[in-house]
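With chain A fixed as given, assemble chain B onto it according to the hints.
Those protein sequences? They're chains A and B, same order as listed.
When we follow the working numbering, the leftmost residue of the first sequence carries the number 1, and every step to the right adds one.
When we follow the working numbering, the leftmost residue of the second sequence carries the number 1, and every step to the right adds one.
No lab work stands behind these hints: they were computed from the structure.
The structure displayed is predicted, hence computed values, not measured ones.
Among the clues, some could well be false.
[Unchecked claim] Mimicking SDA-like on lysine to any residue, the simulated pairs with C-alpha atoms at most 20 Å apart in a straight line are: (1) Lys846(B) to Thr114(A); (2) Lys177(A) to Lys846(B); (3) Lys187(B) to Leu228(B); (4) Lys112(A) to Asp889(B); (5) Lys182(A) to Thr938(B); (6) Lys177(A) to Arg886(B); (7) Lys846(B) to Asn24(A); (8) Lys933(B) to Phe921(B); (9) Lys116(A) to Lys945(B); (10) Lys118(A) to Leu228(B).
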Amino acid sequence: MNKSKVNKAIQVALVEDDPNLRANLTTMLNGSSGFQCQAAYPDGLAALRGIPANRPDVVLMDINLPGMLGTDCVRELKELTPNLPVLMLTVYEDSEQIFKSLMSGATGYLLKRTSKEKLLEAIREVNAGGAPMSRQIARRVVQYFQKVNELPTDTRNASVVVNLTDREQEVLAALAKGYAYKEIADLLQISFETVRTHLRTIYEKLHVHSRTEAVLKYLGR
Amino acid sequence: MRFHLRFIGRVAVLLLALIPGVAATTKEQLRQAQPPIIRSWGTEAGLPQNTVTAIVQSHDGYMWLGTRDGLARFDGVRFNTFGLESGLPSVDISSLCEDQQGVLWIGTYGAGLCCLRQGRIKTLADPSRLPGSDTITCLQADSAGQLWVGTAAGLRFCRDGKMLDDPLFTNLLHSPIHSLLRSRDGKTMWIASVIHGLMAATEGRLEPCPGPADHEKIVGRSLFEDHLGRLWVSIGNGMVLCRENGQWRIFNEDDGLPFAYITSITEGADGSIWAGSLDDGLYRFDGKRFQVLRRADKLSADDIRSLYSDHEGNLWVGTRTGGLNRLSERNLVVVAGAQGLTNDFTRSVAETADGTLWVGTVGGSVYRGGLAGFQPFRPDPVSALIYYYANVDPVLATPDGALWWGGNGALMHWQDNHLAGCFTNEAWIQNVLVTALQNDRRGGIWIGTSGGQLVHLQNHHFTEYPKQLARATITSLAVQTDGAVWIGSVAGGVKRIREGSDAVLSITNGLASFSIRTLHLDEPGTLWIGTAGGGLSCWRNGKVTSFGASQGLTVSTVSQIVEDDHGFLWLGGNSGIFKVSKRDLLDCAEGKLSFVHSRSFGINDGMLADECSGGFCPAGLKTKSGLICISTVRGLVFINPNEQRGEPAPPKVLLEEMLVNGQPQTLASAGAARQPARLVIAPGSHDIELHYTAIEFSAPEKIGFRYQLAGIDSGWTEALARRTVYYQRIPPGEFTFHVQACNAGGVWSDQDTALEITARPFFWETSWFHATSILAISGGSAGILWWLLRRRYRQRLARLQTLNVIERERLRISKDMHDHVGGVLTQVSQLSDMGLNETEDRALVKNRFERIGNRARAAVQSLDEIVWATNPKNDNLASFAEYVSRFSDEFFEYTSIRCWQEVPATFPALPLRADVRHNVFLAVREAFNNALKHSKGTEVWLRIKLDEGRVTLEVEDNGCGFDPARPAAGGNGLENMRARLAEDGGQTVMSSVPGKGTRVRLIFPVGA
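Next comes chain B alone, as it looks inside the complex:
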C-alpha cells in the first residue's frame, strides 16, 4: 500500500513538472524564482563609512572591513572600529590580508602599510620612499611567510617586519601593481602590473603571461582563481578574461557583462563566479551568462568595490556608496505582492488536484496560482457576491476536486469551474465569519464559525452542534480516521466529539494556553496542538505534553503545523517558521530527551515578515510536490524540506573585551596554546564587565548565549542574544568564567570559552594571613623612611655645631625609631602571627585585625612625630605651637577628656632649636599622659604664650591633683621632663592642689 502511494506520488511529481506554473523543486529552479537574500549595513549600523574597499575574514571568524574612514571588525552584530586613535597611520584603507600567523595586514592610500598583531597596530616604514610607494594597492601572503605588497610605485615585499625589495623583481619595482593573486596550489603568485602586464612568479622565476589575440598585454584590474583552477582577470570595461587549461576565453557585453570594469571577482559557495562592477551592479556567472543583481534586487548600491566569500558560504559585497551587503543562499521562496498576491496578508491556502494553489485573504478574496505567481480569482458569478466573498479566511480543497471557502456570512462551494453553492441563509451563518473548514472521509464538511458554532454538512444537510462546545471562535478542526472531530477554539482548549454521541472529551489539563490556534492530527493518531502564547502541545494516549522555551522550543504562538515526509513538523508562529523533529518531541514527551532542537526560518532567511498568519483552518499545507507552504502576513512562504542543510554548527564564543571598574584590561596570557585566557585583578572591590561574541553570519541575531562564573554562579545564566555581562563586587579568589553559544536551532556549542579570573585579595581578605607580606611592607616603608631620615639627618649634621648635640640627636632618632616604630611593627607582626593561627574564631580574628589596624595607625603617628621632629623647617615657634596644638587634638580625641586651647593665632617665626622643641614636646606629652592616666579630670587646658623671648606653655587639668610633697606614680616621668628642659635653659613649674587639678608650666627661651 505504501509503495503504491509513493508510486502515485512520483508520477504526480512528474506530471506536475509538465504543468506550467507548478512548483519545481530543484534548488536551481528555486533560485531562479528569487534572488539570494541580501542584507545591508551602512554607517547607521556602525560601519565607519559607506565605502568598503576591502573585505577579509580572519581565522577567528571576524569580518574585517576596510573603508575610507577606518577599519572595522564585524561579528554579524557589532562593528568595532579602528581609526587614528587606534594607531592606524591613515583611515583611508585600500587593502587587507591576513597571513598564516594570524597577523592582519592593512594597506592604506598614502600612508603605507601597517599590521594588526595581538590587538596592536604597528606601522611599517618603507625605506625606499619612492613616490607612490606609500599607496598600497593590494596585499598577498605567500606560503613562505612573506607578504607581497603591491603599491602605486611598484612591487615590494615585507619580510620579518621589514619592507624590502627583491632583486628578482627589480623590473616590477617601478611598475604600479593593480592586483596580486596567490594561486590555489601556493606555487605561483600572479602579478597584475601596469607596465609589464600579467606576470607569473613561480618558484623564483618571473614569466610574463600573455593574453589572447588582441589582448596580449593584460593590464588586469582584479584577479581570481576559482576551484576549477580557472584564472579570471578583469581587463577593462565590459571585459573579463578566463584562462582554463592554458586557453583564454573572453567574456564581454555579449555575455551579460556591463560596460563598466569589474572591480572584484570571487567565487560563491556553489562554485558560481561573482563579479562586481564599478557602477553597474553585481554579476553572477551561472556557467553560461552573467546575470545581474542591482539595487532593484535589494543590493544597497550598484558601485561594487570589494567581494569576499566567507567560510559559511555567504558572499560579502562592499560598495562605494552603500556600505556592506551580505548575500546568502535562499532556503525558501516567498510569493507576495510582486508575484501577484496584491493582498499579501495570506490566510488559508489549499491545493487542488491539478496543483493549483488557492489562497484566502481578508479584503482581497481568493487568489489562484502557484510558485510562479498568483492572480485574483473573481469569476462570474462569484464577483457579484463580493460582500460575502471579499473576506476569506478558510479555503478547503476536497478530494472530489471541489473548493470550499468561508466568507463573511457565507460558505461557498466551487466545483467543476462553476459556483456549485453559496450558503448565506442558514441561521448559524448570520453575522459570523466562517473560520474553519475540514472534510471528513465520508464526503462531509465540518464548519466552524467566529460565533463558536460547529456545523456538519452532509448530503446538502447542515447539522448544528450545541454552542457549548466552543464559546468563542473556532480556529481549528481535525477529523480522526474513525470520524471523531477535534475542535479548537480561542477559549476553552480542545474538545472532541463523535457523531451520534453526546460524550465530549475536553482537554485543558496540561495545556499551557487554552487559546488554540491550530490542530494537526498525524497518522498514528497523535494530536498536535498549536496554542496562542503556550507553544506547542501534543495529546497522545490520553496525556498532554507541552513544549516551551525550557524544552528548547522558543516559538510561543504556533498558528500552523505542517508535517513533511521526513518526520519533521514545520511550525508557523509569530516569530517565524520552526522545523522540529517529531521523534525528538515524542522522546521529550516520554522523558527520554530534555531538550528538542529546532531550526528557525525568518527574515534572515528571506521571509518578508516573521509572523505567520493563524486563527483559521486549514492552515499551512504540504504541496503535492513536497514543498512546505506556510501563509504569512507578508505572502506565502515555500520551503523545500528535502533541500535543507543541517543547522550550522553552533559557533565558538570569543571574548572581545574585559573591563575592570570600567578600565579595559589586557589578558595575562592569551597565547596560541589552548589554555584559557587569564585575567588577574589587583586587590580591591571590582566590577567586571565582559564583552563576548560568537561569529556566525547567516543569522547572527539568533545566536543565544549562556554564561556562568564558576565559583560564584551556581549554574548557567541564559543571556539570550546579550553579548555583555557585568559582575559587581567580585570577591577575592579564583573563578572561571564560562560562556557558550547556541545557534538559531538552539544547539549549544560543546566548545566552551573560558576566562580564568584571579581576583587578588588584600592581605586582610585572606582567611589565612599573609604575615610575611605585611612584614615586608612594613619593613619596606621603614626602610624608605630610614633613608629619608638619614638624608635629612645628614643635612642637619652640617648645621649642628656641637658634636655632643649631633650625637644626642642621632641617638634619640635611632632610639625613637626603635622604641616607637620598631615596637609597633613587632606588635603588628605578632598580632598577624596570632591571626594566622586563629582559623576558627572569627570574632577573635576580627579583634586581631582591629588591633593591627590600631597599632599600624599608631606607627604612622610615631613616624609623623619623628618626621616632624627631624624636619628643620619646623625649627620655629609657630610651627611648634601648631604641632603641639594638633597633637593635643589627636591625643585627647577618643578620650573622656575635653581639651581646650588658648593658643594665639599667630606667633612670630622665632627660631626654636630642634632639641629644645623636642624636649618640650616630650614634656607636653608626659603632662598629657599624666592628665589622662592619673588626674581623673574631665578637662584639660593647653595654653601657649610668648613673653619677651620666653615661651610659657601650660597644661592644666581639673582632675584630682596631687600633693606636691608626695609625688604620685607618674612622678618619674615628670622628673625626667624637668631635667631635660633644664638642659635647654628652661624650667618646669608644677603646681597642684589635691582635688583641684594640676598645672604644669614649661618655660623655655626662643630666638636664641
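One chain only, chain A, in its complex shape:
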C-alpha cells in the first residue's frame, strides 16, 4: 500500500538459490534506504519469467545457480532486456566463471562476502550507468582481445569481431595498473564520464563476442 513512497528507490531483483542468503540480501536491501528488493528468484528460469515483466533497475545474480547457470541466465536475460545491468555474485573468485558471465553480458561482479557498503555502492554505480571493472578483469579483457586478434582472418571476417580501440586499451592498461577512474580521466585527458563510457563499450564488445559462435569456438569456450 505504501509502495509509492519507495518509488525512487533502486529496484533490485535478486537471483540466488540459497534461501538464507536470499533472505539476508533481501533484508539488507530493503533495510537500506534508496534500495528495494523488488523480487527474489530462486533460480534462473524463475528469473527469466519474472524479471523482464517486472523491470527492475539492477539484477544481482548468483553465478552458481542450480539448473540454468547464472552465466547462461545472464545471456538469456540480456537478449530480453539488453539495457538491464546485471551484477554477478560469487562466493569465491573463480575468475573463469566471472569472466564467462561478463562475456555473457554482466556488468560486473561482487563477492558475496563483500561488505554491505561496497555492495550498495556497486549497485548504485551500475544503476547510474557505470561499469565497474576490477584490474584483474581489465587484464583478462586485454588478454582476451589479444587472443581475438590472433583469430584466423577468415573467422574474423566471417563474424562480427570487434577489436578494442587504442583508447580503450589505454583505459584498461591504466585500470590494470591500479589507477582509479578519476585518475584515468586525468591521465588520458578525458572526462570521468568518458572513462565510464569506454568501460561500458568494452563490456558491450565482450558481450557481442559471446554471441559469435565462431569466436567462442576458436577460443575454446
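Chain B alone, transformed into the frame defined by chain A:
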C-alpha cells in the same frame, strides 16, 4: 385512551382491507405484489462461464458453481476459479457434492470424478473403463460415508478414495443414471435409472418404485424430496410427479408447468417448491399452481440448469446462457413506473382518510393510488392550472379530509372532490416553490417556501413571519402539541417559534450539519433532526446529540424520518433506508450505549435506487395500515415493519489466501481443531498480504470488516468492505492477526478469526543471541568444506610423487584450517557469547556484531585462500599471478596504502607446483604485512615478470625502509620466507635504504 385508539386502528385496518387497492399487509399479499429480488452474475462478474450446471454450498458457506469452463467458488463478492491449472481433469463440470468430511466431489463430462480436499484437487481413476463411465451425471454422499456416482454408463461407488462397483447393484452397472437423491431420513437412496426406472435402495435392498397409471416406469430427470417428505420427480416435457404418502400426483401443463422438461427441483426457505425448466423459465409451486418467473421478471435467462437453496434462504438458479441468479425474499415493495408512477422521482406522499395515497412529483404533478398502482391526478379544473401544478414537492393531507399541495408559485387546496382554493396572488408566493407544509392542531397550515419564507394560514388568512428565521429554503416544519413550530432550512440549523412571541430558539450547537433535511417530533417531545451530510441528531431536554458513523449510523444524509409502532425510526437517506431503535439512540445519547445497530435496506433488498428523496415536508409516512412508506428517486418504497426478520447474524470471517512477498503460502496447521491457523515466515524482510472474506449472500457488499495485527497494530483497523490487507516489513516475532466481520446492520461478529504469524528472526535479529545456531552453521560449513578439501586432497595424493611433499601438504592444510578458519570461528563464538551476555548496551552489542561480521568475512577469505591453494587447476603461473594481484587488491583495500601493479595481461600457462606457489604466496603476504605494519609508506608496487623460466616477483614500498644490517621486528617472518623459498629452488632478495623504502624480490623457477 390508548386502548381506544388501538381499537379504532384495528377497525380501520379491517375496513381498509375491504377497499380495493389498499395495502394488504400479509407477507403473501406483498409477495404477490412483486416477485422476489433477483440478482444475477455472469462472466463479466468473474464467473468462468455462463452455463451453471451444478450449485452446492459447502459447510464453510461458500457457493461452489460448476460450469462448462471450470469450477468457481463464490463468497457473494468474488469468484475464485479452478481450471486445468488447478488440477481439474476437465473444465466441463457436470455435478458437485460435498460429503460429511467436507470433501467436495466434482463430476465432469468425459473426464471422470475428482475431489477437492484441503485445497488440492485429486482425480480418481475408474478402473472399469466402461464407455461412458467417465461422464458423471450425478453425485450423492450417503450416511455411511460412501459416495454414489451416477454415470452415463451406470451406477458406481466411491469409497476410501477408490472407484468401486457394488455387487448389489450389478443391474444398475450398465444403466445410465440420470439422478440420485438421498432421502431426508438418510435411509433410502433414490436412483433414477434410464433402463430400470426409479429405484429405491434401502438398507441393502434395491426395489423398483413404479409410478402412477400410464407412468409405471419412471425415467426421472431430476429428483427432490421436500420437508414434508414428498418426493418430486420430473419425467419429461410438462410432467412432474409428486409422491405423497405412497400416492402419486401428476402435475402437467394444466397446473402451470411448461412444455419443457424440468431440469432441477428444489424447495425454498418458505417451503414452496421451485422447478427450473429446460428453456421456459423458473416455476414456483404455491400449493395450487406453478407460477412462472422469466426474463421479463429479471431472471437472467429462461434455460434453467441447476437450483440450490442456501442456508440463508436464498434460491440460487444456474442457467444455460445467463450465468447465476440469486432469488431472495422481498422485504419491501417498490411502486414505480410499472405500477403507474410514470414519473417515479417521488417527493412527498400523503394519505387521506380513505387510505388513498397522494404523491407529489416534479414535472408529473400529483399521482393518486396505493400499493396496487397509481394514476396521474389531473381533474378539472386543476389540469388547466398546469403551470402551477406541474411541480409538486409537498402534499399534505389534513385531518378534515382536505389535501394541500404546494406548487410552482402556488398553494392548492383540494377538498370534497373539488378545488377549494388555489393561492397564487399572495406576495410571499411569487416566484418561489412551496417546499414545506404542516398542519397544526387548530386547523391551521404552516407553509415554508424555497425563498425561506414562513407563512401561517388560519381562517383564510396568511400571516408572514420575518424572513430571518430561515435565510434559505425551508425544508421541514414540525408542530409541537403546544403549538410551537420547529423550522428546518437548508442553512442555519433549526429554529423554534411560538405564535404571539418574538422569542426564537435556535439550535446549531451540536449539529454536525446546519443543512436540515427533515424534522420529526415524537410523542414525548424529542425532536429528531435529519441533516445533509451530518447524519441524524436529536434535541431533547435542551441538548443536541448527533449520531454518525462512529456511533454506528452510516447514513450521512437523512432526508426522511418515519416512526413505526415498535419504537423504531426508519430513516430515508442517500444510501438507502435504515431502521434503528429509538431506545438505542436515546441510550446512546445518554452515554449508556456507545454504538447503535441499524438495519439497512437498499438495492439488494429490491429497491430500484438507494437514494431517498428529500428537501420538503411532509416526507415519508406510516400508512394507516402500518406500512412504512418512503419516497425515493425511483418510486415509493413500502416496508412492513411487522414482518421484518431480525438482522442476519454477522458472518464469520474466512481466511482465503496468504501471500508472503507475493508468494502464496500454505498454513502450517489448519486442522479441524478450533485452533487458529498458523503462518510461519522464514527470516527476512517480508510483506504480507492476506485475503479474507465473510460469507453472507443477502447483502454481501454491505459486510464490513475490521482487523488488527496484535503485536503491531494498537487497535482495530476498520476495513469497511475491503477484503485484503497488506502489512509491509513484518519484523521478527509472534503476532496474531484478528479479523472480524459485521453485517449490514453494523453488528460485529463475536467470533474472531485469527491467524498466528510467526516471523522467524535472523540470528542477528534476536535480542538474545543464538550462539548455538551460529556455531552449528559455522561448524556445518566447515564440515562440508573439510569434506571437499579432503576429496581434492585425495586427488592430489595420486599426483604427488614424494611422500614427503604429501605429508607436508597435509600438515599445511590442516594447520591452515586450524589456524585461520578455526581461529576465526572461535573468535566468532566468543563474540557471540559476549553479545549474548550483553543485554543492556546496544552500542556494545552493535560493536560485537560488527566484529562477528568482520571475523566471519575473514574466515571466508581464509577458506578462499585454502581452496585456491588446494585446487590443482591453479597450479600454473597465470592463475597464480591473477590470484596474487587480486589478493593485493583486497589486502590494501581499506588501508592507507595505495597498491600499484605492474603485472602483464598474459602469462603463459606454465605449470607451477602447489607447494611453490603456496610458499611464494605466503612470502608475498608477509611482505605485504611488513609494508603495511612497519614501512609507514603510502604506496606499494607489485611487479611480476617472467624471464627465461624464472619469475621475479617484486614488492616495493616507499616507506621508511630499514637497515639490512639490523633487521627490524618483522625480521623473523622474512627469515621464514627466505627459508621456504630456498627449498623450492628460489631466492629472496631484500634491499632497503633507510628512508627510501624496501624492496623484496622473490625469484623462483616455473615450468619445471
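Going through the hints against the structure:
1. Distance check on the hinted pair: Lys846(B) and Thr114(A) sit about 19 Å apart at the alpha-carbon level, within 20 Å; holds.
2. The straight-line distance between the Cα atoms of Lys177(A) and Lys846(B) is roughly 38 Å, outside the 20 Å bound, and the hint therefore fails.
3. A distance of roughly 16 Å separates the Cα atoms of Lys187(B) and Leu228(B); the hinted pair therefore holds under the 20 Å criterion.
4. For the proposed pair Lys112(A) and Asp889(B), the alpha carbon gap of about 16 Å is at most 20 Å, so the pair holds.
5. Between Lys182(A) and Thr938(B), the direct Cα distance comes to roughly 19 Å. Compliance with the 20 Å bound is thereby established for this hinted pair.
6. Among the hinted pairs, Lys177(A) with Arg886(B) is consistent with the structure: their alpha-carbon atoms are about 12 Å apart, no more than 20 Å.
7. Distance check on the hinted pair: Lys846(B) and Asn24(A) sit about 17 Å apart at the alpha-carbon level, within 20 Å; holds.
8. For the hint linking Lys933(B) to Phe921(B), the alpha-carbon distance of about 18 Å falls within 20 Å, and the restraint holds.
9. With a C-alpha separation of about 36 Å, the suggested pair Lys116(A) and Lys945(B) falls outside the 20 Å cut-off, and the hint is violated.
10. Using a Cα cut-off of 20 Å, the hinted pair Lys118(A) and Leu228(B) is violated, with the two alpha carbons roughly 80 Å apart.
Checked against the numbered hints above, the structure violates hints 2, 9 and 10; every other hint is satisfied.
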